[in-house]
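Participant: Chains as they are written, first to last, in our numbering: chain L, 302 to 506; chain P, 302 to 506; chain H, 302 to 506; chain B, 302 to 506.
Keep in mind that the hints were calculated from the coordinates and are not lab data.
A few of these clues could be false.
[Said to hold, decoys possible] Here are the in silico distance ranges between beta carbons for each label pair:
| hint | chain 1 | residue 1 | chain 2 | residue 2 | range |
| --- | --- | --- | --- | --- | --- |
| 1 | P | Leu349 | L | Arg345 | 20 to 26 Å |
| 2 | B | Ala429 | H | Val335 | 51 to 57 Å |
| 3 | H | Val461 | B | Leu324 | 28 to 34 Å |
| 4 | B | Ile468 | P | Leu473 | 41 to 47 Å |
Glycine included, every Cβ here is placed at the ideal spot set by N, Cα and C.
There are 4 protein chains.
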Amino acid sequence: MESRRVEALADGVFAVAMTLLVLGVHLPELPAPVTGAALLAALRALALSLAGYAVGFLLLGTLWLGHHNQFRFIRRADRTLLWLNLFFLLAVALVPFTTALIARYPLQPVAMAIFGGTLLLAGVFLFAHWSYAVNAGLVDDAVTPEAAELIRERMSMAMVACLVATIIGAFLPKAGLVLFGCMPVLSMLPGRVDPALAEDVSTSD
Amino acid sequence: MESRRVEALADGVFAVAMTLLVLGVHLPELPAPVTGAALLAALRALALSLAGYAVGFLLLGTLWLGHHNQFRFIRRADRTLLWLNLFFLLAVALVPFTTALIARYPLQPVAMAIFGGTLLLAGVFLFAHWSYAVNAGLVDDAVTPEAAELIRERMSMAMVACLVATIIGAFLPKAGLVLFGCMPVLSMLPGRVDPALAEDVSTSD
Amino acid sequence: MESRRVEALADGVFAVAMTLLVLGVHLPELPAPVTGAALLAALRALALSLAGYAVGFLLLGTLWLGHHNQFRFIRRADRTLLWLNLFFLLAVALVPFTTALIARYPLQPVAMAIFGGTLLLAGVFLFAHWSYAVNAGLVDDAVTPEAAELIRERMSMAMVACLVATIIGAFLPKAGLVLFGCMPVLSMLPGRVDPALAEDVSTSD
Amino acid sequence: MESRRVEALADGVFAVAMTLLVLGVHLPELPAPVTGAALLAALRALALSLAGYAVGFLLLGTLWLGHHNQFRFIRRADRTLLWLNLFFLLAVALVPFTTALIARYPLQPVAMAIFGGTLLLAGVFLFAHWSYAVNAGLVDDAVTPEAAELIRERMSMAMVACLVATIIGAFLPKAGLVLFGCMPVLSMLPGRVDPALAEDVSTSD
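The following block holds chain L by itself, in its conformation from the complex (with noise of 0.2 Å):
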């Protein structure tokens, strides 16, 4: 299988960065002697740093979610969607780098723009990545003019509401983390697509 390879990198990558995420979480180091109080105060101050690692990590579950179904179907790569892939990832492995931003930097717009810029820029690739595949007919004969479509209809709204998410926290950072908290759990919901993803697999067999 041609893309076997360019998925595993892909698995590699995001395998990386979503352990990378915990990195953003600092042991604390209290003087000894330690009391439990001091140790579970010390803690609670952690709890910003523990919810940026699980939004994180389940924004990066849903970008992997997305990759993975898309090359359910793609049979072939070339060297435009090896490098389109390559500029997902380059995105995708920034994202321990701007999850440690938004949680040291709660409240600052600046922050908020560029995480969700981050993920923007992510999401732009894996559409290009899917678009391209469909277009220069890299894609499996199985996949009809319609699913290809429900595909990109599915992930057309899914950057529309990253760039509402992020242009509403670059002025109201509150709202903005509650929202991209909310993206993984869109993205658990059954779709439209899901039929044609199901199918896919028992004609398959």
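Here the structure of chain L is known, so what remains is to put chains P, H and B in place on it, guided by the hints.
Facilitator: This is chains P, H and B only, laid out in the frame that chain L set:
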């Protein structure tokens, strides 16, 4: 194989988490001139970090083994299963942090509660992952209801053991540490589930 | 497939090296109270680190692409090939360090020489890897001597470009930085080698 | 293929450990204004760290090669084999720490003993892994008892060499360093085991 990339992402997260554990063992920085006795003393002070590394590694190994065994039977994945898998990995990727926490504050009940709670969370998601896969018909037809139940029982016992170790550890941290150190050993013992696992391999040959 | 694990190790090293690059972009630590203007200024000071991240990532992507293309044709591996691969990865895994060096000391000729020298070393091992595979008969029979030569030519040109950029960069660091930034762009252009690559895929379908 | 994921986890741990080695090479932090001479001097002081990086990388490469060669013959895995594999990886993932230790304290016998001892531990688990796989009938039927014994002999010799280097290094650290640097070179030489390895590939084609 539909589940190939889910496993690749999981293997990547486990591999990174296992290897990041070693970042919790800090290189001693001694002022020159360094004597052998001073270095030996500094390395002895690392004993707890190294024990934490070993216990964290083997507990991650235990979780990986459980995930690995499930995917010997899981043939398909849907949106829900992929998200259960991502939540499981979210807990797994936290283990380097919780292990560093427990190695730094070994006698603090709150550190032990967070360490055990994260493992329990991973166990709950792994259990939900298997239960969902069986109920949604995503597993191999060769898996009998009895075999599915045996795996569920084994996981339930592991979760109860983890809960007990967490509760005991919250009151008696030292006893909790010993109990968590014993859990991978239990996982090394052959179980009633092994013949079912072996059978599947022989029939698929 | 004999070469599967060689590729898996390489994909892993590339994925980790690409994602570790982001550790070279340090989160600004501002004293409270943080103003938007102060954070914006601190983030502007990161521009060079971020440019280094992007260039390092895309250069690693270029090397990955070269490795990927070789393994579309390599069918077997022997001890010598595996060690050439390991030496190639040794240079690849150094890139996060040399990228951080160049981002920290962008105008120092010695930093540029080390950055370019490491990339050149990776290129030399990648070239040796391909030449050895062809000469030792480890590649697919469908690879004609002309196609093998085309790939060698393309790699030679890339190595010459890298050498030129390193030498120019040792005297004019800014010009060297621009030249290295252009190299991935060159790799995105279609090449005379593409039909040969495409042909192979169509015949193996 | 039953052993696929065991290899995927191992490749991931090796890839991360190899790439984490570079974190032991610290970027020099010079006060402004930075002169070329000052940077050159600072980089020269890194020579030992870089040598440690190279030796650690190549020793990990040697261990990876041994693991890789075993899995060319291992067809099945059971609980015991999986745990032997995990214990092997536990030692492998420690190598970035022990390499940083030896690069920081190159002339301390205790550092050398820990460095060599960890490698020896990895060797012992790798040896146990192969012996168990052969005895439990988990290897390919094409593996003759003679070939299995040849591999065991080669591994025994490597372990003896590692033990000798560790003991010598505990008394004469410099000689130990040179001996460990020579071990990957030995692994690059063709061995009596190579025809057996090659034969297997040709018969399985």
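Participant: Now tell me, hint by hint, if it's right for this structure.
Facilitator: Verification of the hints:
1. P:Leu349 with L:Arg345: 20 to 26 Å: Distance hint for leucine 349 of chain P, arginine 345 of chain L holds at roughly 25 Å.
2. B:Ala429 with H:Val335: 51 to 57 Å: 55 Å, holds
3. H:Val461 with B:Leu324: 28 to 34 Å: 32 Å, holds
4. B:Ile468 with P:Leu473: 41 to 47 Å: 42 Å, holds
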